[in-house]
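K.L.:
Residue-level listing of the chains:
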Amino acid sequence: MMKAVSCAYVRASAQALSNSLRATGVAVATRQAHSDLQVPDFTAYRRDSVKDTRRRNETAEERKAFSYLLVGAGAVGGVYAAKGMVNAFVGSMSASADVLAMAKIEIKLADIAEGKSVTFKWRGKPLFIRHRTPAEIETERGVPTSQLRDPETDDQRVVKPQWLVVIGVCTHLGCVPIANAGDFGGYYCPCHGSHYDASGRIRKGPAPLNLEVPTHEFPDETTLVVG
Amino acid sequence: MKVIYNTLFKRTSTYAVAIMASAFFFERAIDVSANMIFDTVNKGKLWKDIKGKYE
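Chains E and W, in that order, are what the protein sequence lines are.
Heads up: the first sequence begins at 1 in the working numbering, then just goes up one per residue.
Heads up: the second sequence begins at 1 in the working numbering, then just goes up one per residue.
In isolation and in its complexed conformation, chain W is listed as follows (with noise of 0.2 Å):
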């Protein structure tokens, strides 16, 4: 923590460059993750699933 706040947080602009590069990673997680969750709950209707019977 300690490190942490030393590092990044005690600056603004270290603090805004690392606000920006996470945001950059969590926009990946939560659209990774939410197109996961949409699969899942929709398995056995999409396209990519029955793509299958007709080819």
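Isolated chain E, as found in the complex (with noise of 0.2 Å):
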């Protein structure tokens, strides 16, 4: 190889001499490159069926066969390892299952008696389960939404209407409410006064929201799943 370029740079070299010869009038002769470049002798990385060059090409798809196979056999691997790692690393964003126990609480509301408002600890929070009396559910059914900072009605908060179900963080500034107490016979802050009513709805003092109503299902009468 090196051979052959070195040859073609002299060739080169040559033409250009004689280019220049012959524009001053001087007769050269020209080594042609084609005459006496030999070609190399590849039978050492020829196979078997292709060691005689002057037989006819029959082979040609069963030689192709077998490099693509390899390849072939590389990329199945390479698929494989691939998507192992996007298993991996897709699986790696997915919650884990301590993270999963954790989200839901469940409960059991025959511990509940009517009247009262009992809090839980659910994903790090303070959570309030109240068990309304119907005459506290009369009351926020009959409340106008026009009276209300953050307008909903009480159908809205609830799934089950005996079942009051609320994150106990003031959406004021984030203190925890007292159970029955203040103003509308709800929740009350003692940090600045906020006044929520038995359905979570913020009445009276500076939050701006009702408390809020995290997603929750009655699988059966006797159990609240939260979560």
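Worth flagging that the hints you see were computed from the coordinates, not collected in a lab.
We put the CB at the ideal spot given by N, CA and C, even for glycine.
Misleading hints may appear alongside valid ones.
Stated by the list, open to error - Listed below are several chain W residues computed to face chain E (Cβ distance under 8 Å; list not exhaustive): (1) Tyr5; (2) Ala18; (3) Ser22; (4) Glu27; (5) Ile30; (6) Leu46; (7) Trp47.
Please assemble the complex out of the two chains, which come individually in their own frames, going by the hints.
P.N.:
Set out below in structure tokens:
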């Protein structure tokens, strides 16, 4: 290969020289490369079926099939590894089992007497479960939304009317309100005096929004699942 | 070989499909055999082997 390159270089410079000489009128004989460059012998690299260069090329497909088979086997391994890696990375984004276990809370409703508000810890926050009396339900249903700072009807905030489920964090500055206190018979925040009614709605004081209602459901009559 | 080349390897589309399809079976074979090797090496230590003692 090096020999061929250097020959080409010599040839090119000889050409340039002869051109310049021809311009000055001196005749020069030029060497032609094709007559004295030998075709290299590739016998050592040829497969047995193509050692004889004069034979008809009948085995091309088989030879290509072998090469592609090797490449394909590598690709299959690559696909397997890539799939495993993608699986691992995508799987690492999903919540782990301990997080999922803490994400839900199951509450036995039979333990909560009517008229009582019970506090649970859920996702690091206090969770108020209130067993409302029929009188409280009636009162909250009768409140016109036009009077409310954050207008929501009682039906929008509860799944079952006798059970109120709210997160016990005041929407003003995050204190924990006190149950069964305040001017509206619901919750009262001692920090800055926000009054919430028995539906967890802000009625008086600085808080801008109603107490947050987490997604919850009742799988059967006696259990409540929050989360 | 000739048939495989002409039906699968000649076109890139069929070649890619063949690679994906065989990757599926390859994965299954690798996983099953790896589990089998693990089970034979750890025979007697696994929960499914000692389960009978505690039930």
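K.L.:
Is the interface hint for W:Ala18 satisfied, with its Cβ closer than 8 Å to some Cβ of chain E?
P.N.:
7 Å, holds
K.L.:
Under the criterion of a CB-CB separation shorter than 8 Å, is W:Ile30 in contact with chain E as hinted?
P.N.:
Since chain E brings a Cβ to about 7 Å from W:Ile30, closer than 8 Å, the hint holds.
K.L.:
Mind checking the CB of W:Trp47 against every CB in chain E and telling me if the closest is under 8 Å?
P.N.:
18 Å, violated
K.L.:
Answer holds if the nearest beta-carbon of chain E is closer than 8 Å to that of W:Leu46; otherwise answer violated.
P.N.:
21 Å, violated
K.L.:
Does W:Glu27 pass the interface check with chain E, least Cβ-Cβ distance below 8 Å?
P.N.:
5 Å, holds
K.L.:
Does the CB of W:Ser22 sit less than 8 Å away from some CB of chain E?
P.N.:
OK, holds: W:Ser22 within 8 Å of chain E, min 5 Å.
K.L.:
Does W:Tyr5 hold up as a contact with chain E if the rule is Cβ-Cβ below 8 Å?
P.N.:
With Cβ-Cβ at 4 Å, under 8 Å, it holds.
Hint check: violations occur at hints 6 and 7; the rest are consistent with the structure.
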